[in-house]
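Trainee: So the chains spell out like this:
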Amino acid sequence: MTLLKTSWHHMRRSPYQAFAAVLIMMLTFFVISVFTFVILGSARVISYFESKPQVTAFFKDEAKKENIEALKEQVVATGKVSETRFVSKEEALKIYQEQNKDDPLLLELVTADILPASLEISTYKIEDLAGISEMFKNSTLVQEVIFQKDVVATLTSWTSAIRRIGIGLISAFALVSTFIMITIIGIRISQKKDEIEIMRLLGATKWYIRWPFIFEGILYGVTGAFFGWLVSIILLLYASPFLSTFLKGIPLFPVPVLVMGEILGAELLIAIFLGMFSSWLAVLRYLK
Amino acid sequence: MIKLDKVSKTFATGSIAISDVTLDVNKGEFVFLIGPTGSGKTTLFRLLTREFLPSKGSIIVADFDVVKLPSHKIPNLRKKVGVVFQDLKLLLDRTIFENIVLPLEVVGVSSKDAIKRVEEVMEDVEIAEHRDKFPIQLSGGELQRVAIARSLVLSPDILLADEPTGNLDPATSKDIVKLLQAINKKGTTIIMATHNADIVNYYPTRVVTMLKGKVARDQKKGKYDAS
Numbered sequence: 001m002t003l004l005k006t007s008w009h010h011m012r013r014s015p016y017q018a019f020a021a022v023l024i025m026m027l028t029f030f031v032i033s034v035f036t037f038v039i040l041g042s043a044r045v046i047s048y049f050e051s052k053p054q055v056t057a058f059f060k061d062e063a064k065k066e067n068i069e070a071l072k073e074q075v076v077a078t079g080k081v082s083e084t085r086f087v088s089k090e091e092a093l094k095i096y097q098e099q100n101k102d103d104p105l106l107l108e109l110v111t112a113d114i115l116p117a118s119l120e121i122s123t124y125k126i127e128d129l130a131g132i133s134e135m136f137k138n139s140t141l142v143q144e145v146i147f148q149k150d151v152v153a154t155l156t157s158w159t160s161a162i163r164r165i166g167i168g169l170i171s172a173f174a175l176v177s178t179f180i181m182i183t184i185i186g187i188r189i190s191q192k193k194d195e196i197e198i199m200r201l202l203g204a205t206k207w208y209i210r211w212p213f214i215f216e217g218i219l220y221g222v223t224g225a226f227f228g229w230l231v232s233i234i235l236l237l238y239a240s241p242f243l244s245t246f247l248k249g250i251p252l253f254p255v256p257v258l259v260m261g262e263i264l265g266a267e268l269l270i271a272i273f274l275g276m277f278s279s280w281l282a283v284l285r286y287l288k
Numbered sequence: 001m002i003k004l005d006k007v008s009k010t011f012a013t014g015s016i017a018i019s020d021v022t023l024d025v026n027k028g029e030f031v032f033l034i035g036p037t038g039s040g041k042t043t044l045f046r047l048l049t050r051e052f053l054p055s056k057g058s059i060i061v062a063d064f065d066v067v068k069l070p071s072h073k074i075p076n077l078r079k080k081v082g083v084v085f086q087d088l089k090l091l092l093d094r095t096i097f098e099n100i101v102l103p104l105e106v107v108g109v110s111s112k113d114a115i116k117r118v119e120e121v122m123e124d125v126e127i128a129e130h131r132d133k134f135p136i137q138l139s140g141g142e143l144q145r146v147a148i149a150r151s152l153v154l155s156p157d158i159l160l161a162d163e164p165t166g167n168l169d170p171a172t173s174k175d176i177v178k179l180l181q182a183i184n185k186k187g188t189t190i191i192m193a194t195h196n197a198d199i200v201n202y203y204p205t206r207v208v209t210m211l212k213g214k215v216a217r218d219q220k221k222g223k224y225d226a227s
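Protein chains in written order, with the numbering used here: chain F, 1 to 288; chain H, 1 to 227.
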């Protein structure tokens, strides 16, 4: 209680320094939160696509139904296929109309003739997609083949790039925060030089004098982490309607409260460590 | 209670603060330490509280071998030795109560016990009515009493008072010395450094005179003679 009181007293005496310390911590944890959401979200998107191993073959207009059926039988005979679905030109048009029901111009331009019939093939294992895709590509009936492996590969490379940028940014912010915290706690110690000297003369141990400064660093870290997290959550909630439309079909939203809580918990732990570490460095540097 | 044996202190600049000082102070004694400015009185006090180490000699204070005392045990020594500093060293942004309670907080006394003890000491030194005032609101004599109260709050065995009557009028100075004598009567060993000839001559007790860093005289019932 005395520790909290002393640290609070320090903060109240120089509110601008306290505000600067909280602000830099808040920025750091805002960046951490945003990248955590992006990385967790993209991992979820990838696993969604990975859980749906699928090849879609689009047929030429001249391909006849019985030939398509024969090709399908041939593919199913490999034993790697878990599910097949034929989408005729008419069904493709229905899907198109459903997807673009709010845009009459797009609806007018398209008829069933220009949409290709397609066959969607799901496999038990994602690694079997390449073989199935190859079978389709070798067929004269097929105009184009797309399979999720491409999507997953693209997403994975994007995610790893985002992760690298995130780690770089977070490291830079953490480093800047640490230096700013060392400076602020250092200024505090200099301001309290006389008081520290008096306490020493009155019999205070080194740790009795050091703890309030270290605790102050922890308070800055924890406060900054909470507000950084809060701002990122508000932004996420604000962007949720747009994102859920954009990522239609992928079960990403709403983000579970438990996940938000877990992120906050982890960030608070990091904040305690970061606040403690930087103020400990300041104490070692300025309180010999 | 206090034993200095051939103690010398030379600072890094080469100036000799005290030289070859040998002094014994028994438990319960009241000693005036006199001498002109720069004679080594304050240095002697700072050596007794291990603010720094002597260049030579040995110092025993309240069973602590001050020279050999490891750094982490210095707080234990300082809890046994109360000091009224020449410049008082009160925290100006804290109330009188908060200043006096500080040594108790430092040793971890519970809030309830600390409040009780501070109130007792404030009654003893007659500053109870100033409990929630700040140092800037008090007179010189009252501030001295606050400094004395803070030095007493841990019930130290030894009290070192460095010029506690400096800048005070004669009547207030006498009050402060009376207060210190009353504390001494309760068993606390007191060394009071002073320039105040009237005070020293008014209260016949042991007088140690320091000149140019050496003990020039040590009289059982002395008079002020700093020449």
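A few of these clues could be false.
[Said to hold, decoys possible] A partial selection of chain H residues facing chain F, derived with a Cβ cut-off under 10 Å:
hint: 1; residue: A12
hint: 2; residue: R78
hint: 3; residue: K80
hint: 4; residue: G108
hint: 5; residue: R150
Worth flagging that the hints you see were computed from the coordinates, not collected in a lab.
Computed from a predicted model, the values in this text were never measured in an experiment.
All C-beta atoms, glycine included, are put in the ideal place defined by N, C-alpha and C.
Trainee: Return the numbers of the hints above that this structure violates; sort them in rising order.
Mentor: 1
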